[in-house]
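Chemist: Please construct the entire structure, taking both the sequences and the accompanying hints into account.
Quick mapping for you: the protein sequence lines, in order, are chains B and D.
Sequential numbering from 1 applies to the first sequence in my numbering.
Sequential numbering from 1001 applies to the second sequence in my numbering.
These are calculated hints, taken from the structure and not from any lab test.
Among the hints, erroneous ones may be present.
Claimed, not checked - Beta-carbon label-pair distances, calculated as ranges:
1. B:D47 / D:K1003: 51 to 59 Å
2. B:R134 / D:V1063: 23 to 31 Å
3. D:F1061 / B:R241: 27 to 35 Å
4. B:K389 / D:K1006: 28 to 36 Å
Please read all numbers here as calculations on a predicted model, not as lab measurements.
Even for Gly, the Cβ is constructed at its ideal location relative to N, Cα and C.
Each chain, written out:
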Amino acid sequence: MIDKSILEIHEALKDGTITSEELVGESLNKSKEIQEKYNAFVTIIDDAKGTGITESLISGIPFGVKDNFSTKDILTTGSSNTLNNYVPIFNATAVEKLLDAGAVITNKTVLDEFGLGGTGTTGHTGIVKNPWDRTRMCAGSSSGSACAVAAGVYPFALGSDTGDSVRKPAAYCGIVGYKPTYGMISRFGLFPFASSLDHVGVLTRNVEDAAIVTDIMKGKDSHDMTTWDSSNIHLKEALTRDVKGKTLFYIKELCDINNYDNPSKELVEHLDNFHKTLGLCKELGIEVFEESIDQKILNAIGSVYVVISCAEATSNLSNLTGIIYGPRSDKKNINEMMIDYRTKGFSPLIKRRLVIGSYVLQKENQEKYFKNAQKLRRMIVNIMKEFYKAYDGLILPVSCGPAKLLDGSIDKVSREAMALEDHLQIGNFGGFPSITIPNGFVDNLPVGVNITGNCYDDENILNLAYALESKMPYKNQIAKEVN
Amino acid sequence: MSKFTKEMVDSYANKLLFNLTEEENQMVLDEFEVIDKTIDLINKIDGIDKLEPMTHALDDFAVDLRDDISEESIELKDALGNAGAVEGREIEVPKVVE
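Modeler: If you want it as structure tokens, here you go:
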């Protein structure tokens, strides 16, 4: 039963076909099986207990929490050795709201250390493997959450998304990944990575479940001044609106195979599949248009992201001293203690990103690197906002194809294809609502399509995604190993 | 010759209170070269100089200031619970002034 949708499970709980206690047991057993195969969890909560069933659709239902969300009295590491013994004294607001609604946490999921990575390979507990093919990555940073939802451990898990950390793992694992407009869900209790880009998101196996969970988590929070009143937004209710006459656009430079020199077979199939998906949109009565963006701007998306996110991370991770929390160094001098703790605790990838952040923030470099990256961020967001005056949303393929091999194949992505890898970061630059849904298979592995809309237009974006999902047979799919 | 040096990278790392291995230092040097080239491209994009830096995802924040009312604070045992060494009401650290 645990691999069904939220509504199906809720009905079964209400009519007594299953109890919350039994569901929790199922989720825990499945967690252990999945941990053995794919290493998706930092902590499995063996003593998790079922709850009473109420009118709340998620009451009694197990879920997973990315290990960068504070969970009261439960180890929360950020998948980093710097916090490998940290036990928060409070719940993140997003977690608290789900618990208040009666849901049950059965595990904490692995991420790339503090969210600073997109491969699922840098967490302190090891690599997360893809549940469709163990030789491939889940992407990241919400790797464990995506893996577990795809494998049917529970119907939903929390993720966070600073560049594409919910939406790309969703594509690689064949599930749904949604990050709402910036500030719709409180970030209180989420370990900050890059505060101007960080979003709370959710991973599910269908669009309706994403709407249900987000309806519960969203809302203004006095602990997060960037949250806003979304009481007039009802995502689940809006799903079934008619999409006929709505409009989507795609970016020619990213979607035209002729724009790539020596495209891989996977890219050819992925883009071909994407164009078939556009055909399904048209069958729904959605009008689809091609637009163009300067290739120079598209090629710079990744660098804008790296410069801004690394700079913000440098500041956000400066509180990790090993003094008030984290494993303490045995050095005899306080400065040496901090250096020892940070040198041993941070992985090479994090150190690299922090040094870049420090470099671009130096007084003599700020204008050239940091400020100009912020200016290009504005230019990109302005371009998107102009498009959103004419269209309901942007539709694009996610990544260059299915999940990449864990043996370092990511380095083989050609330069022109990098923009296809990076474009989801636009959603973070502008705080835009953005959802990935599965749209088929390439080499027997799942691939995804993404729809991104204007700020506060979440109902519209989920409405479009829900309609498109109904035209394809991938809703509620559970990962099965193909290789 | 690259304008980035090993010593430069080490000095940035030291400002951040960590050390780098030779291998980690080289990784940073390689990435600096890539970022530098891309930033040059960014700086050449038409119209960029006329824009204000975008520092946040939303430009239309409506920030409500809270009333200045004291709230319940966390318990002392909670505040100290994650510290590696505690003495009485305080977190213990080695002597700072030697």
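Chemist: Which hint numbers doesn't this structure obey?
Modeler: Of the numbered hints given earlier, those the structure breaks are 2, 4, listed in rising order.
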